[in-house]
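Take a look at the letters that make up each chain.
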Amino acid sequence: MPGTFASYLEKLENSRVWRSIFRSGRGTSTLHNALAIQQNVFLHLFPTKVRKRMLGLGATWYLGTLTLGTFIVLVVTGVLLMLYYHPSVPLAYSDVKDLQFAVSSGLFLRNLHRWSAHAMVFLAFAHMFRVFYRGAYRAPREFNWVVGVVLLLLTLLLSYTGYLLPWDQLAFWAITVGTNIASAVPLLGDKIRFLLLGGNLVNANALLRFYVLHTVILPLAAFLFLAVHFWRIRKDGGLYVRESEPGVKAKKTSEEQESL
Amino acid sequence: MLDRRDFFTKLGLGSLGIAAAGTIAFYYQYLSPNVLFEPSPIVNAGRAENYTVGSVTLDVNSAIYLVRIADGYFSLSAICTHLGCMTAWKPELNQIACPCHGSRFDREGKKIEGPAPKPLPWLKTWISDDGDLMVDRSAIIPPFQFLRV
Numbered sequence: 014m015p016g017t018f019a020s021y022l023e024k025l026e027n028s029r030v031w032r033s034i035f036r037s038g039r040g041t042s043t044l045h046n047a048l049a050i051q052q053n054v055f056l057h058l059f060p061t062k063v064r065k066r067m068l069g070l071g072a073t074w075y076l077g078t079l080t081l082g083t084f085i086v087l088v089v090t091g092v093l094l095m096l097y098y099h100p101s102v103p104l105a106y107s108d109v110k111d112l113q114f115a116v117s118s119g120l121f122l123r124n125l126h127r128w129s130a131h132a133m134v135f136l137a138f139a140h141m142f143r144v145f146y147r148g149a150y151r152a153p154r155e156f157n158w159v160v161g162v163v164l165l166l167l168t169l170l171l172s173y174t175g176y177l178l179p180w181d182q183l184a185f186w187a188i189t190v191g192t193n194i195a196s197a198v199p200l201l202g203d204k205i206r207f208l209l210l211g212g213n214l215v216n217a218n219a220l221l222r223f224y225v226l227h228t229v230i231l232p233l234a235a236f237l238f239l240a241v242h243f244w245r246i247r248k249d250g251g252l253y254v255r256e257s258e259p260g261v262k263a264k265k266t267s268e269e270q271e272s273l
Numbered sequence: 561m562l563d564r565r566d567f568f569t570k571l572g573l574g575s576l577g578i579a580a581a582g583t584i585a586f587y588y589q590y591l592s593p594n595v596l597f598e599p600s601p602i603v604n605a606g607r608a609e610n611y612t613v614g615s616v617t618l619d620v621n622s623a624i625y626l627v628r629i630a631d632g633y634f635s636l637s638a639i640c641t642h643l644g645c646m647t648a649w650k651p652e653l654n655q656i657a658c659p660c661h662g663s664r665f666d667r668e669g670k671k672i673e674g675p676a677p678k679p680l681p682w683l684k685t686w687i688s689d690d691g692d693l694m695v696d697r698s699a700i701i702p703p704f705q706f707l708r709v
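If you read the protein sequences in the order shown, they are chains A and B.
If you want the numbering used here, it's the position in the first sequence, counting the first as 1, plus 13.
If you want the numbering used here, it's the position in the second sequence, counting the first as 1, plus 560.
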């Protein structure tokens, strides 16, 4: 006799393989729900419990989540673009042109990468303004604000290093101007410019260095700081609740103790 | 009195410190290229008599201006002293203008307006044995020391 879908699902979820991966097993008790979050390597960064109201649009406008969303879009489209792009002086410009005109969906992927990059900068700023004006940067969340500033800098550096890769006039002069700004650093300025460019001119070495920074070093740093950023939300007592909101202040201390 | 445990702790931390300093030096040296495939600073600007009196000629490949005046020649760097963009000669204005942030210079390199902090540098200019005008882009000379002919 054929079973229902639910019974097959139950059988699967009770199987040894399933239980070896998802240890918490079946169940809808608070304990099961908490374990499902705690025992997942990705979800354990987040609090096991959140106030239902904090999941609504009004609490955060989802600005942080949307920033993460654009970052994920950028990683996926960026890796796909890397399959057709050579970071070399003779090929870089024509590869980008090929992506626009010869590669199937290349135009779509490149534009998605470009617009997501713009959106990520905008959303990161919007997220910071929201956090600032709500006062969510205050104790005990000061350190997470600092991590956020580092993430903003990484976002801007990713934008800047990606700027050179099309190797057109705009890219060349933008990086000429930008690295000359770096050379205004007292004493070390010219050395910093030399190390950034791998020479005295915006040339093959500079293109390769910016490519490696853009595709490896800065994204890895961003992943690292993102993980700390999310984990700190949990450690700092969950998403920020404004103390002036009714019914919050009285309960706050005991709840905060729990979520720590 | 330093006991044995302190001694080894200090020895260990000291060695780690030396290793860390060595690592920084290693990275710095590795990231500074020793050989660069960059063009020579010395530019051959062609026959001197090809430049007519009163002309300002930009060579976009070497980013220099060659200026022919009544009694000689001089050359200026075409790289804006603000943030390194290449300037252009505007004959209708009798000025050198930077497209990036709007600095303007006269034909002697003196700033007229804009954010450029310094005038355009004068470059060492001479005539080779073959009669070609030569410019050394790495040799900045004081202004108004032009090549008299």
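Just to be clear, a hint being listed does not mean it is correct.
Stated by the list, open to error - Capping the alpha-carbon separation at 27 angstroms, the derived lysine-lysine pairs in DSSO-like fashion look like this: (1) B:650 with B:678; (2) A:248 with A:62; (3) A:204 with B:650; (4) A:204 with B:570; (5) B:671 with B:650; (6) B:684 with B:671.
Read the hints as simulated data drawn from the structure, not as lab findings.
Tested hints:
| no. | hint | in the structure |
| --- | --- | --- |
| 1 | B:650 with B:678 | 20 angstroms, holds |
| 2 | A:248 with A:62 | 12 angstroms, holds |
| 3 | A:204 with B:650 | 34 angstroms, violated |
| 4 | A:204 with B:570 | 34 angstroms, violated |
| 5 | B:671 with B:650 | 14 angstroms, holds |
| 6 | B:684 with B:671 | 20 angstroms, holds |
Against the hints set out earlier in the document, violations occur for numbers 3, 4.
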